[in-house]
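Given the coordinates of chain A, assemble chains B and C onto it according to the supplied hints.
Protein chains in written order, with my numbering: chain A, 435 to 712; chain B, 6 to 279; chain C, 452 to 819.
Treat the hints loosely; a few may be bogus.
Stated by the list, open to error - Derived pair list, reagent style DSSO-like, types lysine-lysine, alpha-carbon separation capped at 27 Å:
1. C/K564 x A/K444
2. C/K640 x C/K614
3. A/K444 x C/K614
4. C/K582 x C/K570
5. C/K725 x C/K744
6. C/K582 x C/K564
7. C/K575 x C/K672
8. A/K441 x C/K564
9. C/K575 x C/K564
10. A/K538 x B/K276
11. C/K672 x C/K687
12. C/K614 x C/K582
13. C/K614 x A/K441
Hints listed in this document are in silico derivations from the structure and should not be mistaken for laboratory results.
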Amino acid sequence: MADIRPKSAKAEMLLWSFGRVLFGAIGCLWLLFLVAPLVIVVAVSFTSANYLMFPPPGLSLQWYAEVMQLSWFRSSLISSFLIAAVSTAIAVVLGVLAARALSKRSFPGHMLMEYLVLSPLLLPGVVMGFALFNVLVLLHMEALGLPNLIVAHTMITLPFVVRSVWSTMAGSDASLEEAAHSLGATPLKAFRHVVLPTAMPGIVAGAILAFTFSFNDVTVSIFLASREAGTLPVELMADLEYSANAAPAAISSLMIVLMLLLFMAVVRLGGLKAFVNH
Amino acid sequence: MTAWALSSPAVLLVLVVAITPSLILLYQAFRTPDGAAFTLEHFERLFNSRIAGQAFWRTLRVSLITTLLTIAGGYPLAMLIARSRERAAALMLGIVVFPLMVSVVVRAFGWIVILGPSGIVNQILPGIGLITEPLALVQNEIGIIIGETQLLLPYMVLSLLAVLRNVDPHLEEASLSLGANPLRTFFAVTLPVSIPGLLSGVLLVFSLAITAFATPQILGGARSPMLTTLLYRNVFSTYDWAAAAAIAILLALLAIGFVTLQRLAGRLWEKSHG
Amino acid sequence: MTDMTSPAGTGPAFAVEMRDVSKVFGETTVLDRISFDIRPGEFVTFLGPSGCGKTTSLRILAGFEQATSGDVRINGQSVSDMPPWHRDIGIVFQSYALFPYMTARDNVGFGLKMRRVPKAEMAKRVEEALKLVGLSGLGDRYPRQLSGGQRQRVALARALVIKPQLLLLDEPLSNLDAKLRNEMRYELKRIQRESGITTVFVTHDQEEAFSLSDRIVLMSKGEIKQAGTSREIWEKPRTGFVADFIGVDNLLPGAVEKDGDELVVRISPSVTLKTEICDFAPGSAVLVAVRAKDVILNPVADETATGLNVFAGNIIDVEYRGERCACRVRCEGIDQTLVALVASSHVPSGAVTLSFASDAVMVLTDDR
Chain A
435 MADIRPKSAK AEMLLWSFGR VLFGAIGCLW LLFLVAPLVI VVAVSFTSAN YLMFPPPGLS
495 LQWYAEVMQL SWFRSSLISS FLIAAVSTAI AVVLGVLAAR ALSKRSFPGH MLMEYLVLSP
555 LLLPGVVMGF ALFNVLVLLH MEALGLPNLI VAHTMITLPF VVRSVWSTMA GSDASLEEAA
615 HSLGATPLKA FRHVVLPTAM PGIVAGAILA FTFSFNDVTV SIFLASREAG TLPVELMADL
675 EYSANAAPAA ISSLMIVLML LLFMAVVRLG GLKAFVNH
Chain B
6 MTAWALSSPA VLLVLVVAIT PSLILLYQAF RTPDGAAFTL EHFERLFNSR IAGQAFWRTL
66 RVSLITTLLT IAGGYPLAML IARSRERAAA LMLGIVVFPL MVSVVVRAFG WIVILGPSGI
126 VNQILPGIGL ITEPLALVQN EIGIIIGETQ LLLPYMVLSL LAVLRNVDPH LEEASLSLGA
186 NPLRTFFAVT LPVSIPGLLS GVLLVFSLAI TAFATPQILG GARSPMLTTL LYRNVFSTYD
246 WAAAAAIAIL LALLAIGFVT LQRLAGRLWE KSHG
Chain C
452 MTDMTSPAGT GPAFAVEMRD VSKVFGETTV LDRISFDIRP GEFVTFLGPS GCGKTTSLRI
512 LAGFEQATSG DVRINGQSVS DMPPWHRDIG IVFQSYALFP YMTARDNVGF GLKMRRVPKA
572 EMAKRVEEAL KLVGLSGLGD RYPRQLSGGQ RQRVALARAL VIKPQLLLLD EPLSNLDAKL
632 RNEMRYELKR IQRESGITTV FVTHDQEEAF SLSDRIVLMS KGEIKQAGTS REIWEKPRTG
692 FVADFIGVDN LLPGAVEKDG DELVVRISPS VTLKTEICDF APGSAVLVAV RAKDVILNPV
752 ADETATGLNV FAGNIIDVEY RGERCACRVR CEGIDQTLVA LVASSHVPSG AVTLSFASDA
812 VMVLTDDR
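Chain A on its own, in the form it takes in the complex (with noise of 0.2 Å):
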């Protein structure tokens, strides 16, 4: 039988070769772009310098103990806990209503029931914050800070507690429910010891992803925030445009190791699945 073999084969059997392992460099090159800012925050944190540079000429923690003493930070602190905190809470109850609502197979309006719900994900934030700062002063109502915000974020935050809690009801087996009745249970019962329990991971993850999106949000915020309700992120924006120096790198450094933490415990929970259902 006649040689087959294109005089090129064997060029394109190490392209081949070659280009899975560039193919496999490439997209280490764009997860390193995905981490890098993260990273560099984080590294030159630790800088001894008085002002940002890179390499830091030195290792120090001096930007953690300065950052401690920065009076905004601690206030805007203490005020982007609190409102995610009391936001996410609210937006848990009204989600885990909602979404129970939502998991009834067919009702009328379902449809309608479902992007009410979930429209303030629909809108751009900036208009979102814009509408509201609008009405918030038509009312005269613009300083009162910390009330607003936790509104705001009660209502920027529910789908994300809706859309979780939603999945891990309409996933699980409708005939626990059937049966825990069949047993005697009342509907509340039921609720209580069924559906509560079985819908717990989407509940908790559904919280974590809404007390993240409250405590990062900065979009709506900067409409919102008062002079003596600034949520942290805004306050670290305005302070970008003034300071050179590494305090911004450490509170960053903070929230990224925050941010771990809370990711951490999704991934324990439910795996990625809640990020790639998306």
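Relative to chain A, chains B and C alone:
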């Protein structure tokens, strides 16, 4: 209806805090300054303004380039994750997803440290003699594009991965065995099967790029306003709330348009490909 | 099932030659120095449990994996530096791997398009291939509009239309239901005969392997345990693993002993078995295999039975297998129960005498 009773607190919240303010804004965008009559003058003013025009085209340009870059990064990453064994795939997926949980302010600040006038790039490159003048990498469109690509690449990867994960891994091997080299296999097999994911990823990334605020605010600066940052400036610097309302309506229309398009495309695809 | 003679011609003697082929993934050796030849036109099956290395062998032939060491030749040419897309190999996967957005016709024509075959010729060859697999007229359907069996046929047509040097079938029948599987089995054999393409079939199903193959390569843990025709493997399993895999019911571990001039196998302190052929030295640990069909059950308890390979026992269970029944017998002095086949019309019960001829006793290495 018990379903509506259960969801009434959530629905009420959304109606009062999201829908009503948006409708009021909509009303104000079409109202004369004295509040008396219906008018299109705010939109006319917007379309005739040089800054707004620049911001509009800049927004489209930046969003388009950002989307293309996320495609360029999304395919290698999604394909790599889809083909890797479980542990390596989970690790890579974690690296892709984690940045989503970090504040956009922190990420934009990271880019300033890397790209800024006294940033890492501008300290290393002159040092090895590649450039003499510092490169302007932030306070312009380049900075916004880099920042938004990092911001939105995870969404593209997740969209592509949702499709590629469910594709039979033997499909590409079948193509190779039938005589298509890896490049032709990509264009003849991998690309066509990933179209639904690509489509939803493109629409999602593009709409998020249009509506991004903090990233262009920090990395674009005052000299490179986008629609969102221009809106902010109109509210807090120039106090032109009517113009801000007009921009808000434009942004809302764009965002809702893209989400509708995304749903429609998904449904059409499902219909034609069962 | 006898050897097919090579087609006349001056081609190489073997369509496939594998010499000392090994494959190592990290720490695990998946293939351990496999050597095997396939004659042109032959239908050869790689048979074995999952993880035995059969799929890896197939993937090495296809070019998706590279052998860690050893040489693979297809039609006399070493293919170690030949990428899959130049190998001219047709593959049918278990999942069929049809391109979902292409019609059956476009699927079948894909390989020809990649080879830049002129349109007219391509159309003709695609129609021929569809006809060969019995799908004329369904060319415009998309894979999702076809049944499992039809998808299977499209995949086969797609692999055959390029007139490959070698056809590889990776468990192509296991996604079909039982009835369709039998039908496709016959079709596969017919199509392979008609096209005369050298075929390698990978399966874990011995029935499929025995009914289809000219030769079977039985593998376990990366090694070839036995290669031969279906009849050879069925009648003369060479190792304990082979006997176990093909379903020999009675497998008894023992040790070879010298008894006068003869070698016997001791399977318990009180029992030795007489055998005709024993290739092991005294003292070797072996596995004795006796087919259930070779075990004779005498329905009378014969307390005086003392001859060799004759045991008194009690039936403890009867399993209905159609025309025959499998009786499980507990014999004195033997730990394991023994299985004997009897006609379903005359199933004994209670105490019986069990015996088998010395030439029914196969003495094998215990490599299970």
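Hints, verified against the model:
About 23 Å separates the Cα atoms of C/K564 and A/K444, which keeps this hinted pair within 27 Å; it holds. Restraint check for C/K640 and C/K614: the C-alpha separation of about 17 Å stays at or below 27 Å, so the hint holds. This hinted pair checks out: A/K444 and C/K614 have alpha carbons roughly 23 Å apart, not beyond 27 Å. The straight-line distance between the Cα atoms of C/K582 and C/K570 is roughly 18 Å, inside the 27 Å bound, and the hint therefore holds.
Taking the CA atoms of C/K725 and C/K744, the gap is about 18 Å. The hint holds against a cut of 27 Å. Of the supplied pair hints, the one linking C/K582 and C/K564 holds, its CA atoms being roughly 19 Å apart against a limit of 27 Å. For the hint linking C/K575 to C/K672, the alpha-carbon distance of about 45 Å lies beyond 27 Å, and the restraint is violated. Under the criterion of a C-alpha separation no larger than 27 Å, the hint pairing A/K441 with C/K564 is consistent with the structure, at around 21 Å.
Taken as a hint, the C/K575 and C/K564 pair is honoured in the structure, with Cα atoms around 13 Å apart against an allowance of 27 Å. Taking the CA atoms of A/K538 and B/K276, the gap is near 25 Å; set against the 27 Å cutoff, the hint holds. About 21 Å separates the Cα atoms of C/K672 and C/K687, which keeps this hinted pair within 27 Å; it holds. A hinted pair counts as satisfied when its Cα atoms are at most 27 Å apart, and C/K614 with C/K582 qualifies at roughly 15 Å.
Proposed proximity of C/K614 and A/K441 is supported: the alpha carbons are some 21 Å apart, at most 27 Å.
Figure legend: structure checked against the earlier numbered hints; the only hint not met is number 7.
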